[in-house]
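Okay, here's what each chain looks like letter by letter:
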Amino acid sequence: MSNYLYILWIPLLPLVTFVLLGLFGRKYLSGIAGLLGTASLFTSTILSFVAAKQYFFEDGKVNGVFQKIVALKYTWLEFSPNLSIDLGIIVDPISVMMLVVVTSVSLMVHVFSLGYMKGEERFATYYAFLSLFTFSMLGLILSSNIFQVYMFWELVGVSSFLLISYYFNKPSAVAASKKAFIVTRFADLGFLIGILILGYYGGSMDIGLLIERFTSSSSTQFISITSASFLGASMLTWGLTLIFVGGAGKSAMFPLHIWLPDAMEGPTPVSALIHAATMVVAGVYLVARMFPVFSMSEAALNIVTYVGAASALFAAIIACTQTDIKRVLAYSTMSQIGYMMFALGISKNGGEGGLGYMASLFHLFTHAFFKSLLFLGAGAVIHMVHSNEMKDMGGLRKLMPVTHIAFLIACLAIAGIPPFAGFFSKEEILTAAFHENKIIYGIALFTAALTSYYMFRLYFNIFWSKETTISHHGEGPWVMKLPLIILAACAVGVGFVPFSQFVTADGKPLVTHIDWVFSIAPVVLSVLAILLAARFYKNENDKSDKVVAGFGGLYTAAYKKFYVDEVYLFITKKIIFPFIGQPIAWADKNMVDGFMQLLATITAKIALLIKGLQSGKVQNYALFFFGGVVALSILFIYIWK
Amino acid sequence: MNISSILFYAISALILGAGVLAVTSVKIFRAAIWLLFSLIGIAALYFWMQVEFIAAIQIVVYVGGIVVLIIFSIFLTQNSGKEMNSPTMGKKIFSAMAALFGIAFVGNLIAQYEGFAYPSAKPFDPNVAEIGTQMLSTTSHGFILPFEVVSMLLLAAMVGCIVIAMRPKNDTENISLNNNETK
Amino acid sequence: MMQEIPLTHILFVSTALFFIGMYGLFTRRNLITMLMSIELMLNSVNINFVAFNKYLFPDNLEGLFFTLFIITIAAAEAAVAIAIIINLYRSHHSIDVEDATEMKY
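Residue numbers (the working numbering), protein chains in the order written: chain A, 1 to 641; chain B, 642 to 824; chain C, 825 to 929.
Any given hint could turn out to be false.
A short list of chain B residues far from chain A (calculated; beta carbon distances all over 12 Å) [as the list claims (entries may be wrong)]:
hint	residue
1	Thr-665
2	Leu-677
3	Ile-681
4	Glu-693
5	Leu-750
Sample of chain C residues at the chain B side, in silico, Cβ under 7 Å [to be verified]:
hint	residue
6	Leu-864
7	Pro-882
8	Ile-910
9	Ala-924
Hints were generated in silico from the structure; no laboratory data involved. These numbers come from a predicted model, not from an experiment. Note that CB positions come from ideal geometry on N, CA and C, so glycine has one too.
Please build the complete structure, drawing on both the sequences and the hints.
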């Protein structure tokens with residue numbers, strides 16, 4: 001059982017790299033920083049694949065069920081014999097699957113950055129931050145204790161902050177990083193409270209123990225948490241909802257999504273790593289990790305479902321109108337994560353009903369590959385045209401053949417065209433939605449069509465449309481092309497992985513089959529959307545502008561991202577600042593500070609009164625001394641005889 | 642009232658009278674001379690009490706050493722004929738009252754034992770040999786340890802005087818005056 | 825020959841001398857005269873030691889020894905004090921205690 005200890009090295013290697021590069025990078029290692037980071041991550045990736053092979057094919061399965069294995073447990077903070085914060089490594093299907101995803105995508109990003117970031121002054125710092133991020137993400141995945149999850153969760157937030165503000169001389173990047181940090185931090189407050197609620201009622205912070213206690217409806221912990229209620233909902237629902245708020249913050253779910261589009265200010269490979277494949281799916285991972293507990297609360301699951309579905313649709317609509325290619329991809333990410341979320345929400349714990357859970361994680365798996373491919377492709381394009389705007393692009397297909405093909409594959413994959421990866425996972429999600437909730441199914445179907453439309457709008461705008469004005473060829477060095485090729489291969493191939501055999505809610509393999517008749521509707525819708533996009537954008541014309549005029553207000557609203565940012569600004573600047581912030585500031589200035597100043601004034605007054613005693617005149621001191629001696633003499637001779 | 646008593650009161654009058662003049666005289670040199678008389682009076686009191694060794698020490702150290710040292714320092718630092726700054730009247734009155742109060746207070750305490758102790762029948766006859774033996778003795782009533790400690794103290798004081806009074810290098814006159822006296 | 829004088833009379837003399845010294849210490853502004861006052865106070869203590877030894881414990885010599893040591897230490901103290909006074913005179917060109925009041929609030 002404990003022969004998984006080598007897994008410890010998977011997160012530790014990036015940490016070591018981070019320390020090395022962080023301390024010595026800029027001075028001594030700037031030449032080999034990239035290679036060092038890539039090499040250590042390559043080792044981690046190999047180890048992850050070894051672990052996956054060992055777990056899935058050799059000894060993970062006992063009696064046909066995948067086991068949760070705690071490979072390492074170390075009691076760190078012991079508050080009482082019952083409540084301690086442990087550090088541990090958990091090995092189970094989702095953690096192993098996430099290990100593979102995170103290390104592979106991170107490795108691709110590392111390799112790609114060798115070319116993309118070449119010549120940057122803070123090259124070594126960049127790799128140090130990448131390593132720190134990878135370490136935190138891997139630690140988050142492997143955490144066996146919910147408090148440990150929280151610590152790595154915050155570390156992920158910090159390293160994402162560092163990476164987004166990598167170009168710290170750009171005010172917009174600084175603002176974006178602050179926004180990302182504050183918004184996610186705000187959500188993490190909910191997460192922390194949720195953890196404390198679950199920990200308080202569950203009497204433990206250990207995930208396995210919590211799941212065990214809260215899933216048996218006869219345990220004292222379960223009875224106490226469900227019987228305690230607050231504002232009409234049981235504490236279980238509250239705790240889970242708050243945890244989901246934390247997850248929603250990191251996963252950019254509506255209405256906490258506002259940081260994600262702005263976070264595109266970071267270097268593009270960073271967006272590929274953080275905002276496509278790893279950090280933003282941390283929320284999904286968190287819900288999946290706690291899923292057995294979630295499945296005990298109908299209300300919490302409903303919240304997950306509707307927030308996910310709303311985000312999916314909302315983001316897809318906005319994505320159709322944006323012109324910054326990275327922002328389109330950011331909204332697309334948000335939309336796809338919404339997919340994963342509602343798939344989790346409609347799932348049941350195990351059995352046939354657990355299709356949603358499996359589909360969600362399957363989509364996470366495939367999405368990681370094609371979305372990071374899209375981001376890296378976008379990075380290659382940006383690297384070439386030095387702009388994020390669609391209007392500066394067009395007709396690049398001849399200049400960048402490799403990027404073109406890879407991007408096309410990724411677009412087909414995200415659009416759900418068979419046999420690309422996205423098709424399989426999206427089919428599972430749609431099937432699950434169809435069986436559980438028809439409204440959600442409708443939303444999902446519409447979103448899928450929208451997805452195809454905006455992805456191909458993006459594709460045609462970049463690679464077709466008008467003739468290019470750029471004359472120089474070149475897609476960058478092979479280190480930029482290689483990850484694209486590998487990821488494109490993955491985007492084609494990973495859909496065929498029999499995912500349901502490995503990752504399910506209860507650990508038992510789930511038999512799934514592709515229902516081709518069922519698949520007709522989404523595929524046809526997608527193809528129609530693609531054709532529509534082709535008609536509008538394949539050649540330069542004004543058809544799209546006419547349609548835009550037809551939509552009128554809706555288009556403007558979507559282009560302005562439905563004014564969510566403005567609402568936030570309004571709430572903070574017009575409501576919170578004058579009505580809450582300023583009174584508190586007033587109270588702080590006048591009451592708290594006033595009290596302190598009163599103390600200071602009193603002290604100063606007393607000091608002024610008695611400082612005359614310290615006159616520096618030695619005879620006065622002698623007089624005081626004499627007076628004291630006389631007083632003591634009288635005291636001892638006549639009073640205390 | 643025999644001659645001894647008369648002698649005691651005369652000596653006491655000399656001590657106190659010279660003492661009062663020593664602390665009230667407005668000219669510093671005169672004050673030093675009155676101090677000298679007061680110290681001589683104390684030496685006389687020791688003679689009266691038949692502790693001749695202490696009396697001799699008193700004359701040698703105080704009269705011959707300390708007062709001379711004080712007079713030298715007066716010459717070094719003062720215009721000796723000049724009248725000193727006098728303290729304020731309020732301070733004088735207050736100090737005088739404090740001193741009188743102290744005399745009354747302690748005198749009251751002493752007066753409670755009026756007449757209790759006349760010299761005991763035993764003669765008190767310390768000779769110098771006895772003092773010397775006990776001073777350097779290591780037995781239970783020996784004073785060898787304080788003796789050594791005091792010798793260290795004197796050494797330290799000597800070194801300290803040199804260090805404190807040493808002038809900066811460019812100003813070397815009168816450098817070792819008070820140190821010579823210490824020895 | 826001195827049977828008529830009780831111990832208390834000697835104590836009165838030493839007490840008076842002590843407070844005369846104290847008066848000087850309070851009123852004198854010149855450091856050298858303050859030092860003189862201190863010498864007076866020390867001497868009054870010496871008188872006490874000798875008197876007690878003679879009147880109450882004629883078998884012992886402790887009072888004499890204390891007197892001896894006090895005289896010795898007083899000599900050292902006077903030497904150091906005068907060294908300090910001379911140093912002060914050099915830096916302040918005055919040995920008036922009212923002029924040396926830097927060490928205050």
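The hints, checked one at a time:
1. Thr-665: holds (16 Å)
2. Leu-677: holds (24 Å)
3. Ile-681: holds (27 Å)
4. Glu-693: B/Glu-693 is indeed farther than 12 Å from all Cβ atoms of chain A, at 35 Å.
5. Leu-750: The assertion about B/Leu-750 is violated, with a minimum of 7 Å to chain A.
6. Leu-864: Result: holds, 5 Å to nearest chain B Cβ.
7. Pro-882: holds (4 Å)
8. Ile-910: With Cβ-Cβ at 5 Å, under 7 Å, it holds.
9. Ala-924: violated (13 Å)
The structure does not agree with the numbered hints 5, 9 stated previously, though it agrees with the rest.
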